[in-house]
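Using the sequences and the accompanying hints, generate a full structural model.
Single-letter residue listing:
Protein chains: 2
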Amino acid sequence: MAERLVVIGGDATGMSAASQARRLKKPGELEIVAFERGHFASYSACGIPYWVGGTVDGPDDLIARTPEQHRERDIGLRMRTEVTELDLDRGRVRTRDLDGGGTETWTGYDKLVIATGARPLRPPLPGIDAPGVHGVQTLDDGQALLDTLRATEGTKAVVVGAGYIGVEMAEALVTRGYDVTVLDRGAQPMSTLDPDMGELVHEAMCGMGIETVRGAAVTGVRTDDSGRACAVTTEDDGEFPADIVVLGLGVRPETTLAEQAGLPLGDAGGLLTDLSMRVRGQDAVWAGGDCVEVLDLVLGRTRHIALGTHANKHGQIIGSNVAGDYATFPGVVGTAVSKVCDLEIARTGLLEEQAKSVGLQYVTVTIDSTSRAGYYPNARPMRVKMMAERRTGRLLGVQIVGREGAGKRVDVAAVALTARLTVEEMTALDLGYAPPFSPVWDPVLVAARKAAAAVRKAAG
Amino acid sequence: MAERLVVIGGDATGMSAASQARRLKKPGELEIVAFERGHFASYSACGIPYWVGGTVDGPDDLIARTPEQHRERDIGLRMRTEVTELDLDRGRVRTRDLDGGGTETWTGYDKLVIATGARPLRPPLPGIDAPGVHGVQTLDDGQALLDTLRATEGTKAVVVGAGYIGVEMAEALVTRGYDVTVLDRGAQPMSTLDPDMGELVHEAMCGMGIETVRGAAVTGVRTDDSGRACAVTTEDDGEFPADIVVLGLGVRPETTLAEQAGLPLGDAGGLLTDLSMRVRGQDAVWAGGDCVEVLDLVLGRTRHIALGTHANKHGQIIGSNVAGDYATFPGVVGTAVSKVCDLEIARTGLLEEQAKSVGLQYVTVTIDSTSRAGYYPNARPMRVKMMAERRTGRLLGVQIVGREGAGKRVDVAAVALTARLTVEEMTALDLGYAPPFSPVWDPVLVAARKAAAAVRKAAG
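Top to bottom, those sequences are chains R and C.
The opening residue of the first sequence carries number 1 in the UniProt record's numbering; numbering runs sequentially from there.
The opening residue of the second sequence carries number 1 in the UniProt record's numbering; numbering runs sequentially from there.
Just so you know, these hints were derived from the structure itself, not from any lab.
In this text, all values refer to a predicted model and were calculated from it rather than measured experimentally.
Some clues are possibly wrong.
Since copy identity is lost for identical chains, a pair holds within one copy or between any two.
With a Cα cut of at most 25 angstroms, we get these calculated DMTMM-like pairs of lysine to aspartate or glutamate [said to hold, decoys possible]:
1. Lys-457 with Glu-29
2. Lys-450 with Asp-325
3. Lys-156 with Asp-57
4. Lys-457 with Asp-325
5. Lys-450 with Glu-352
Structural data, given as structure tokens:
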């Protein structure tokens, strides 16, 4: 009889794993069943802000493969079916049919993939669950938010949190004509950047007419007579009227099932796996995507990083291993890139705080350059901050904030981090040069030269 | 008494070397004299096609630093002064004042930098030196070409050669309203690419209305009664009317002086240096830029690569070493990027022919992808060809042809080549992902996955 693979979660990791396993194993060898509690599968969650902002039509555009297409490939994908319990001892999962009257069923598995993703952080504050308060994690979330926007004769939006999702959503709502206020607990937006670089994002947000309240401690959501959200309150009696509230406080791993089943979780609440993405201590259970922690190769610790590109890699690797082939995920170096308020924002490696937290001593340098030769049309400014380890000169991190042509330059640093290059070695990198692409010294090389000099000076 | 540094050639390498030496040594310690035979110094030769095409105003825009600015920094730059002889035994150079009646003078040196650049290839054919036939290497060349264009009531241009300069110039002349014919000795333009990738450039040239004659063996330039070029002739009685002829046959190192002085030259005619850019066998003579050969780290041999970014690095390194500091140039991996006919064209590492020439066995794969997530506006197609060594799976080369957002992706491969990563290792690279920047699998990762599979298959 065929083995049965059960997949919990029908998005990037789950369906990539199912698809890869199906490529390697015929239906007669491996039965594949996948459960998805939402209305959508195999979609790009990263595209939701662009859908809300109107840059992308969606939601169909955001769907990589429909449930029918999966079924045509002999993947038994069951939509609107929630897994409510995980029975590791007997190798089975209990599911509830969300649309069909809540019927509960047990399904046995030989191999299990947990791909339950993440959920938006929603602090336990008064009114936080009121209608009109939206997280933005799934296509269902995006659809609900758009439904609210269409049903509401509103002009005022409040975004709580200024991480990249918060800033992307603020921009999307400005694009739709809303007056947007961002309530930011920190002093600068984008805590994925050092404060000095985050300040550039703040300036761009101001330039787009986004009002930012810094150091804002949200105390609750006030509701109107109908129970709908109408304002967000903060300490010191702040009150910010809102026709719609968007939560951009980040996400946490969705590991309720895994925790109940006693599977190992890390400090950030994500499942812990080995290099083959198998859950630690388990023979037949794999996990990946937004519900796991990944090894940060620069930090030397696991972290929770919710990112579609990791989720897809995990799915591919899990599918190979489930099917008896071999693949591993060595870890990440902390690369992220986003485009908000006409800025391209990128980082890889460590922030200063992260480096300190693991005992690394470092030097940093910051340089200003341009995306193209200065004389070439549309040369745009960019700022590059580079961090290198004291003594060794090993690259520890790069942050870039600029306009068009800035963001993907971070990839050079991502590969250099992977290869553990020193900034001195980086000064000799043979990067592509022609006037439409770069000044004769690429901005990354300029930063590397300055960083190498700083390392020497710190050593001297 | 101060030592004297003499620099031959006032462009990228020469003036970078002079500037860096001046940063490290005061005038009382080191006197610096630089000789430039042309009318311009410290300019971006790479910008000339954009100047001719009208994208850049120039020539002033192309000048990084004027002779006066150099002199203000105590660098004795003498323009229009040609070095005519190099006397290594007595440590002196003979110069001729080109504008001042040709006066010849000897100048002694303690340290010498040879930065004589390259000259356009000009095969010894009838009429090749006639007025109206132009090379494009120096700002003086660019000025002469523009003078011809302005003085000529012409509509027909012939470009001889389809290297990147030839193709850039063809595009520039089309932009100026000329009917352009490119006479290409090869079967595909851009011999810096494999033929299958070069074919994409040919298609784009056709799309711009550039006529390309493949396999064209030029036999000479026909002149009119006034002695001006009026047509280019080829074997098989081909004759191509031309109001202007541009030579895009590539360049060769300008090493006449060095050769006369008995300095060591490589197979490609460039000066040979050690890792500190000192001429082999010499204590007090350095050389860099377009007149030297560089070590290709992938090929394992020296090559001649005329590229502004190398020239600037060499200058920086030479300046440091001349002044008693320390810097080295470890070599290149063969990266080049250009923008022609609306295409971004990039390569790094080896072509198939190059790999064969040094005995490497390899697999290649080619993939098509896009610059952004498929659903994001302005996602543009790109093709990536990747080569990996048989057995080891080590990356050997990448070629990319695409539209906006394609070219600089080659930098990821350039760093991977430097770090000697395998394509299997590259599949796990943590490259920046967000919908405006990349599909969830970056095109380079897609190519790496396919290349890794090809390596495994070739091993099996």
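Now the hints, each set against the structure:
Taking the shortest alpha-carbon separations for Lys-457 and Glu-29, only the inter-copy value of 23 angstroms comes in at or below 25 angstroms, while the best intra-copy value is 63 angstroms. With identical chains, the CA atoms of Lys-450 and Asp-325 are at most 25 angstroms apart between copies only, with a shortest distance of 16 angstroms across copies and 45 angstroms within one. In this assembly of identical chains, the alpha carbons of Lys-156 and Asp-57 lie at most 25 angstroms apart only when taken from the same copy (23 angstroms versus 47 angstroms across copies). In this assembly of identical chains, Lys-457 and Asp-325 lie within 25 angstroms of each other by CA distance solely across copies; the values are 14 angstroms between and 50 angstroms within a copy.
For the homomeric pair Lys-450 and Glu-352, the shortest alpha-carbon distance inside one copy (17 angstroms) is at most 25 angstroms, but the shortest distance between copies (37 angstroms) is not.
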